[in-house]
Amino acid sequence: MTKHDPAAIQAIHRELHEHLPSDSALRVKALESVLVAKGMLDPEAVDRWVEVYSEEIGPKRGARVVARAWVEPAFRARLLEDAGKAIEDIGFEGWASAHLKAVENTGVIHNIVVCTLCSCYPIAVLGVPPTWYKSAPYRARVVRDPVGVLDEFGVRLPEGVEVRVWDSTAELRYLVVPQRPAGTEGWSLERLARLVTRDAMIGTERDLPLGPGKAR
Amino acid sequence: MDGIHDLGGRQGFGLIDVDEPEQPFHHPWEARLLGLVRAMGRPGDWSIDWFRHCRELIDPVDYLTRPYYDQWLQTYAAMMVKSGVATVAEIAAGTGKPSAVPTSPPMKPADVDSAKRAVVRFDRDSRAAAAFKVGDAVRAKGHGASGHTRLPAYVRGRRGDIVAYHGAHVLPDANALGEATAEPLYTVAFAAAELWPEAAGRRDSVRLDLWQSYLDRP
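One line per chain: the protein sequences are D and L, in this order. Mapped onto our numbering, the consecutive letters of the first sequence carry residue numbers 1 to 216. Mapped onto our numbering, the consecutive letters of the second sequence carry residue numbers 1 to 218.
Mixed in with the good hints, there may be bad ones.
[Stated by the list, open to error] Keeping only pairs whose Cα atoms sit at most 30 Å apart, straight-line, the calculated DSS-like set for lysine-lysine is:
hint: 1; chain 1: L; residue 1: 97; chain 2: D; residue 2: 60
hint: 2; chain 1: D; residue 1: 134; chain 2: L; residue 2: 97
hint: 3; chain 1: L; residue 1: 116; chain 2: D; residue 2: 85
hint: 4; chain 1: L; residue 1: 97; chain 2: D; residue 2: 29
hint: 5; chain 1: D; residue 1: 85; chain 2: D; residue 2: 60
Calculated from the structure, these hints are not laboratory results.
Use the sequences and the hints to build the structure in full.
Spelled out as structure tokens, the structure:
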């Protein structure tokens, strides 16, 4: 068992900083080839994961979950009760989905999600997070000035709406369920799912447009 | 630890890149690194919280300036060196002999389809009694721990209300050290006005998932 020694890790970081190439692509090449040389990595498995996170596991999954909650009251109830369990119905369970929590926007509540300490994100239903979600400006500001952050994303909250910021400090992962737009009565699940954006499920978008997406 | 990673409420970072293109990866190496992390064999003494702690220990300038997946790379490289599976020189050269330290077998391409649906739970059966119940007022501890911890600085010493109880979850502070301890976990709502002077009069709240040992009675 390795001793979990923070000072030793800091010293190793300094050494790595000094000896690894500065260019990120070259660093990844070096790490991949040392892992292969040591028999610790099959590059074809890496290819498969790249396909999975480029094409399969992304915000289209979350959009389907949201649209289903809009059209199927029993699914909505189960999603709000235990989202990690509810998404097993659709086969969307996976990385960090065990303790998934769905939080619903209403006319008077707006939810927005962050991880101030690192980058926790509901990957199983939204795919890999955008860079801005993991970057200092968003992590620093959204807990302190959510209205200002929303404004930057082009969202003006109506008067009297309460903002709930969810800081993902444990293994719970948060998925915002945006409001179903008016004028979509009778729409199919597939058509509704096309309205639901990644940002609306993070909470940096609020009113979903029926036409082509927002232009900033 | 009171490190550079604890960013909530810090000021002066400027604007968010709201026009970032929506595709999941912006450079091929980012996707490669993520795939590599998911597929590699690993020693038995790693955990999610040890990984997080090792990332927190990156030099503060690098933490704020190196790209995100590049930081993952450096963190995994540091963990490999610490666990004795590779040396810095081997990683820099991209070559080396199989390590004496045992690692799990590398994932095979055919295993990815089941691995992508694997669910890891962090709740545990525990006899630790819940000290608080939903509706209770609590106060977050006034100081942080010097190791890995998940109590952000911006709520320390502040008063909040328990809005949910989740049973016992693995305690990150202990998990980072390779110890298996679980503690009652709660969602605590802090009024924005309790946290930030400029939020006076606003009804907004910030909600965090906090372990029992992070909390006191108010």
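Hints, verified against the model:
Restraint check for residue 97 of chain L and residue 60 of chain D: the C-alpha separation of about 43 Å exceeds 30 Å, so the hint is violated. A C-alpha spacing of about 35 Å is found between residue 134 of chain D and residue 97 of chain L, which places the hinted pair above 30 Å, so the restraint is violated. Using a Cα cut-off of 30 Å, the hinted pair residue 116 of chain L and residue 85 of chain D holds, with the two alpha carbons roughly 16 Å apart. At most 30 Å may separate the alpha-carbon atoms for a hinted pair to count; residue 97 of chain L and residue 29 of chain D meet this at roughly 17 Å.
Among the hinted pairs, residue 85 of chain D with residue 60 of chain D is consistent with the structure: their alpha-carbon atoms are about 19 Å apart, no more than 30 Å.
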